[in-house]
Structure formats: C-alpha cells, structure tokens
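**Q** Based on these hints, arrange chains B and C on the given structure of chain A.
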Amino acid sequence: MSTSTVQPVSSLGAPKPRSDEGGIRTRLAATIAGYGTLAIATCVLAPLVGSTQISLARVFDRSIPFADNVDAQIFFVARMPRVLTGAVVGATLASAGVVMQALLRNPLATPFTLGVSAGAALGAILVITFSTAVSLGALSPVPLASLAGALIASAIVYGLATRPGRAMSTSVLLLAGVTLNSFFSALILFVQYMADFTQTYRTVRWLMGDLDVGSFGPIVASLPLVLLAFAMFAVLPRSLNLLSVGADVASTRGVDVARTQRLAFLSASLATSAAVSLAGPIGFVGIVVPHLVRLMVGVDHRIVLPASALFGAAFLVGCDLVARTVLAPVEVPVGVVTAMLGGPFFLWLLVRRS
Amino acid sequence: MATKTNQVLLVLCVLCGQNVFVALVAQERVAKRIVSLVPALTEMLFAVGAGSQVVGVSSYDDFPQEVLSLPRVGALLDPDTERILSLKPDLVIVYGSQTELEGQFARAGIRVYKYRHAGIANVLQTIRELGAISGHSHESDRVTAQLQSQLDAIRARVRGRPRPRTMLVMGRDAMALRGLFVSGGIGFLHELLDVAGGDDVFADVKREGVQPSNETMLVRAPQVIVELHAGDQPSPDVLQKERAVWSLLPSLPAVRNGRIHLLYGDYLVSPGPRLASAAEALARVLHPDAFK
Amino acid sequence: MLRADGVSFGYFSEREAFSLSDVSVAIAPGSLTGLLGPNGCGKTTLLGLLCGVLQPHGGTITLDDRPLTSLTRRELARHVAVVPQETHPAFDYTVMEMVLMGRHPHLGAFQLEGPADFAIARESLIVTGTAHLADRNYMTLSGGEKQRVVIASALAQATELLLLDEPTASLDLGYQLEVASLLARLNRERRVTMVLATHDLNLAAALCDRLVVMRGGRVLAQGPTADVLTGSMVQQLYDVDADVQFHPRAGHLTVIPVSRTR
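Protein chains in written order, with my numbering: chain A, 1 to 354; chain B, 1 to 292; chain C, 1 to 262.
Chain A on its own, in the form it takes in the complex (with noise of 0.2 angstroms):
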C-alpha cells in the first residue's frame, strides 16, 4: 500500500531526539529562542558592517538633517532595507524548501523545483525585453510581472497535478515541475534571443538576484503573501511529518492527505512567489537550510520548519553582507555567494554519504 521514495540523507552524528516526557516542547522552545536570537543578532548587526564605515553616533544624530546626513542614508536606505529585505527573503525561501522537501517527499526537492522561478524569471524577462514606459502609478512593472509569472505557473501545475478529492500523486507533480520548468527555460532564451544588450543585461542581473530594494516599500508590499503563505506553514509541520512517511500511511492515521498537500503546495508555492518577485530568484537557500538544520536539530517538521525559517533569515542575510565586502567596492550578486557556499556543501554531504 505504500509508495516507496528516496533514500534519506543521514544525519550520522547529530544529537538524536531524546525520547524522554516534555521533550519537544523544550526541545522546540529552546530551537525558537536560539535560532531566533541568532537572527535577530544577525540582522541588528549587518547593517553596522559593510564596504564603507559609518559611525553609529552620526547615523542617530538628529540635528543633523536626514537629507545631509550621508550615514543615516547608508543606514536606513541603504544598508537596512537590504537586511530586512534578506531576512524576509531567506525565512520565505528556507520554509518553502523544507515544506517542497516534505511534499515531494525528497531531500533533494527545492522551492524552484516545480516551476515557480521559471513563471517569474519569465514574466521579469517579458516586461524588461518589450515592455516600453509601461507604467502602473509607481509600481515597478518588474516585480509585478515576476510575480504574475510565478502565479501563473503555480496555478498550471496545481491544475495538473489535482483531482478533486483525490490525493496528489507526487510523481505527476515533480513530472508537471520539471516539464514546466523546461518548457519556460526555453521561452526564455528564445526572448533573450530577441532582446538586444541592454535587455539581456538587465535579465541577467535580475536572474542573479538582488535584495538591494532601497526603500521598506516592496517588503511592506510582499508581507500580505509571505504572511499568508507563514499562516498555512503553520498548521502543516505535523501532517508533513505523517505524510513523509507514506501518504496512504498517513492517511490511515487521520491525515487529510488531499488536504495537506494542496495546503503544502499552495504555501510554498506562493511563499517562493513572493521571495523571487522582491529580489529575483535566489538559489540554493531553499535546499542548504532545511538540510544544515536537519543536521543541527533533527526531522521533525515542527521544530525544522520554524528553525529553517529563523536559521534562513540569519542565512541570507549573512550571505548578502559577505557579498557587498568580500570585493569591496565590487559587489558580488547574492546568488553567487549562496551557490558558492552551497556547491561545496552537497558536494560534502555526497561524499559522508558515501
């Protein structure tokens, strides 16, 4: 009755789970107060550091006035909404990867896997190729688009891979991700075909990813998704649990599997939306988190899924100001330094494994 999947990746060495009463609750407490303080600290002090000095006593000095005040701007415009911007981004990307990883039930599973980047890649790289002065008020037409993209290719996916009051198989959602993802990819070089330099440019900064949004605008305007996509996150870690196991096996103990899984695909799905429409799609953060804090904390979803999102936020964020000094004044894009950091470390997973 059971569907057989992945080998899992061992945890060969970390502190097991001990079996003894109260347990979790501790063991969560404790992972929410140490992840979460280690994101806090990360994002209070990321904007202190960076390839220019600031000094802390002109930045709040208020008798300065803000339009002169070169270290208050370096602070508050530059440096802060980039922190948050990670932190938001990271937390999002981080969860969507350990809820995709449950769902497909595979390790190797990321947020990009069943095609949202490609929907936004291609939606930022139709409206940077042909669109002209399109103007929405004073939307930037990118995001937007990238979002509709993401949107788009969720919901064709989801059409796919859903019969109603049926289970989703997960092979026909991986089928329709990779299928889709191709399909996209391929539109895409066809438009960068046509665009002309500064068009394919443009693409491909966008496609290395970005969190240098300068103002709270755009977080403020992604927070009702990432805070819808966090409320369903919430109700889902110990079904995920139950259905890492076996759908038809969860099943039998109570689970709504049909349930579950579009609630796990519609949160991860709209969480990496959102991430990848505010800073252009980041990869490997969905995929080095949630394996880094499975080795730090255990499987169960209920203490992995908020540990990923706290360690995430601490992750990019980390990243991004290792990218803004390492080659100071060259920046280097985010997306190269998570790649770099996490194209070592499956290489290092693979060979333990071994």
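These aren't lab readings, by the way, just hints derived from the structure by calculation.
Quick caveat: nothing in here was measured; it's all calculated off a predicted structure.
C-beta atoms are modelled at their ideal positions from N, C-alpha and C, and glycine is treated no differently.
Don't take every hint at face value.
[Stated by the list, open to error] With beta-carbon atoms standing in for the labels, derived distance ranges:
id	chain 1	residue 1	chain 2	residue 2	range
1	A	Ser-182	C	Gln-235	47 to 57 angstroms
2	A	Leu-350	C	Leu-173	30 to 40 angstroms
3	A	Phe-346	B	Pro-71	16 to 26 angstroms
4	A	Ala-29	B	Lys-206	48 to 58 angstroms
5	C	Gln-111	A	Arg-58	44 to 54 angstroms
[Said to hold, decoys possible] Which stretches of chain B does chain A cover? Using the computed rule of at least three CB atoms under 8 angstroms from a CB of chain A, they are:
id	stretch
6	166-173
7	193-199
8	218-227
9	245-251
**A** Chains B and C in isolation, oriented as in the chain A frame:
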C-alpha cells in the same frame, strides 16, 4: 590576378611614386559590396560617402534613413549567414566576438572586418580604416578631422570650468532604482564624459560598466546624474516619474540640487560619427552656461 | 463491527483490468481474520477499502453500522489502525518519533504530545520488544525490527481494530514466529480485532480463527479456519494438491504442498 598587370603596376609605382601605388592597390582592393552587422560602423560608411556600397545591414540598424530600405541580416546573436552570402558581399563587418562567423567567411574567401569596442581614438581609427577599405580615404580623413575639431571645440568651451563629479547611467529598471548599470573608468562613454567636462564618479574602477548598490552611490555622492537612453523621449508624465525615483537617495548632491538629466536618443550611445553630438549633449547639461 | 456489503471496486489501466466484485465480509469484534488468496486476488484492495484509504464504487463499508464515508479521517483513525507492507520514510525519523506518529488522531491541531502520549508510545515499544531501540534511527534497523516498530506505531494509535498487510512477508523465519506470536498475544490479551492479508497459508492457519478466501476479486469462502482451510480449497485457490492436517506439536492446522495439479 594576372602577372602582367602586376608588372605594369610595378613599373608605374617606380615611375610615379608611392601615392599612385597606394591608390592603385587600394583601388583594386576596394570593397564594393559591404554587409555590416554593426550599426555604428554602418553609420560610418554612410558618413564617408560609401553608403551606396552597403548592401546589407543588421536588424538593429536605423540610421541614417537609407538603411531602412536595406536587407536585414541579423545581429550579434543571430547572424543569418545564408542571407549574408546571398548578397554576395566582398566585405563583411562583424563583431570581434563572432569568431565562428569570421571563420566561415574566411573559408568562403570573403574579407572580414572585425569591430572592436573601445574609446574615442578607436572610433576615429575605425572611420579611417573603413574609409580606406571602401575607397573613400579622402572623405574619411575629412570626417575624422571634423569630428576631432568638434570634440576639441567642446573641450575648449568647458575648459577652466569646475568639473562636476558625474554618474553616467547607461541603464536601470523602469520606475525603480534597481538594476543600475553605470559607466566606469574606461570606455568610450567615459571618454565622452571627459570631453564634455565632467569627472566620472567611478573613474577609479577600471571597467566599462559598474553595477553600483545604493550604498556605493551614497558614498560616491555624484553631483550630476545623467541617464542615457536610446529611443524616444517618453511623455512628460512618465519622465517626471522616472526622475522621481532618485529621490530615494536625497543626500546625493545631484538630487539635492536637482541636477538629474535624462537624455534620450540613439546617437547618445552610438560609438560612431555622431559622437560629437553626444559629447555636446553631455556638455550642455554639465555646463549649461558655457552654451549661452 | 466492521462490515463490507456487496462492495465493488475497479481500476483499468493499459495493461490490466482489475475489479473487486460483490464482496461481503463481516469482521466480528475480537476476531483474528485472515484475507487469504493468491497474488492479485484483491485482498490488499479489500484491506484498503476496509480502512477507508480506497473508496468502493459500489456497496458500502460500515463500522459499527456507521458508513465509513460518514466518519472523518481522524475519527476513523481512532478506531482502525493499519500496518502497511512496507514503510519508507523520506527522512531519518527515530523509532520513538515513528511510534509517536500513531498518536496523531488523538491530538489537537497544535497540540504537542503529552506525558500520556509518551506513556502509550513507550508501552507499545515494550509490548513489541523494541523499547531498547527508541532513540535509534529507524532506517538503520533490521527488517524484523522495522516491522515491529511499525506495529508499535499502529498500537500507539490505541484502536480496537488493526489491519495488517502481509505482516511477515519480508521477515526471516525467526521473526515470522515472533511477529505471529506477538499478534496472537495482542488479540488474546488486549482484545484487538485484527484483519490480516496474507498469502502465507501456514501463517493464516496458525494465527487466524476466521478466514476469508479470495480469488479473482471474489470471495470464494469465509468462515472459521478449520471449515474453510481444506485440501479442496487449496486446490481451488492455487491448483496445488496439498495436505491440510492438524499438527499436534504446533497446535494448529498446517498446509503441506505436494504437487501441482495442472
């Protein structure tokens, strides 16, 4: 070529001297059917009077008027080799990076001119070389001399005036201060800025293009921001909104003093015969009082 | 208490058509019923229907006279637990975590396991002889140990009904006997009603007091083991001439296949 003609030439050369020789040799190797994949070089050919020798242009060519009726053969990414060959060219102008294309034409026995993107000096040199190849050396000499004097005139006009720290923006996302692509310390746009009497805020970064973050721009604090856009000027409404995106960084001197200029026109980014006009446009916004 | 009345189910793919036709079984409280038959006879499908994972196309399944469709998954899970043939978790859960999953239908949406839940889980581990494995990674266990942990997990669900799909199929002889005696003990001492699907005739003979014999999607016979499990029944099921005898030392019927008859 027949041996007899060679011998005649040799005799003539000895008798008449170097110039005749060069003229005769050049005459023999003049390109009569030219296909150009590089819009700026097409412009140059027309400027030196070789327009009638151009038989095919790239998909992006639109200046001067005459090119609009010429056959299109693709561009950097998608050159249509068959189409080019069907036009029976004796010279094809390609991008330096199109090595495969170059190889194909070499095998077909067709001459290739490779375009290298560099500074103003390179532009003038290219005009001279194209003039020689197309048999219009006199005109090309005249054109380059004229351009040189125009540039010198601009330099003279702005000499002695304080040179503002300028950020030359080559591209950014619409309606947002993201995806910025700005001129660095080398390249022909940087040199135009120099001619126009401005100091490039990223002069120390030895790259043609820089992607500055908000923090970097705050630190560099440009006094003037000039955005260069190929294409037509948008409606005043859109123009206003595009200028307004810079108010995100109010401490920039350029923002405080309202010295943000959005310039529109293909000639602004074309490393060809119109570069003096581009330099002048820049100079006019940097030093308006020098042009009263 | 658990009944199937005139149930039919079918699926059609390119390669095969399969259907369950007009199947009626009644599972009495406290009984240990075996679903017996060759591969493809429909016993696993019937098990899936009985626990509500599959929906019948015709007929009804009722639990204590309530149709399964009128119960939520959670409610049903408090009455019926299932031990699947194979369990492959996608992540490295510990044995304790696996067993605690059986407590899911008894917990509220955001409720964490409390002392009572841990007590039940520990007890299930003790009963299945796996208490010493509580902190081990499930995937590192042997086949027999894994099966016992899965049974412990189902026991933690604290249901009156337990459905098992080929519980001893992949086990060594020793573990087969161990699991069989465990199940017998649970049925006897805790009055857990069990239904197990198996193709192992001797296991069915040893363990079950009632048998439902199936072939080709139909029920051939059902009733007390001694009545149903006869030489002619084995002949009918497997086209095999077998000796069905009571074995004094084992204390139950045994089936010794002798030769093929076709």
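**Q** Identify every previously stated hint that the structure contradicts and give their numbers, smallest first.
**A** Checked against the structure, the hints that fail are numbers 3, 7, while the rest are satisfied.
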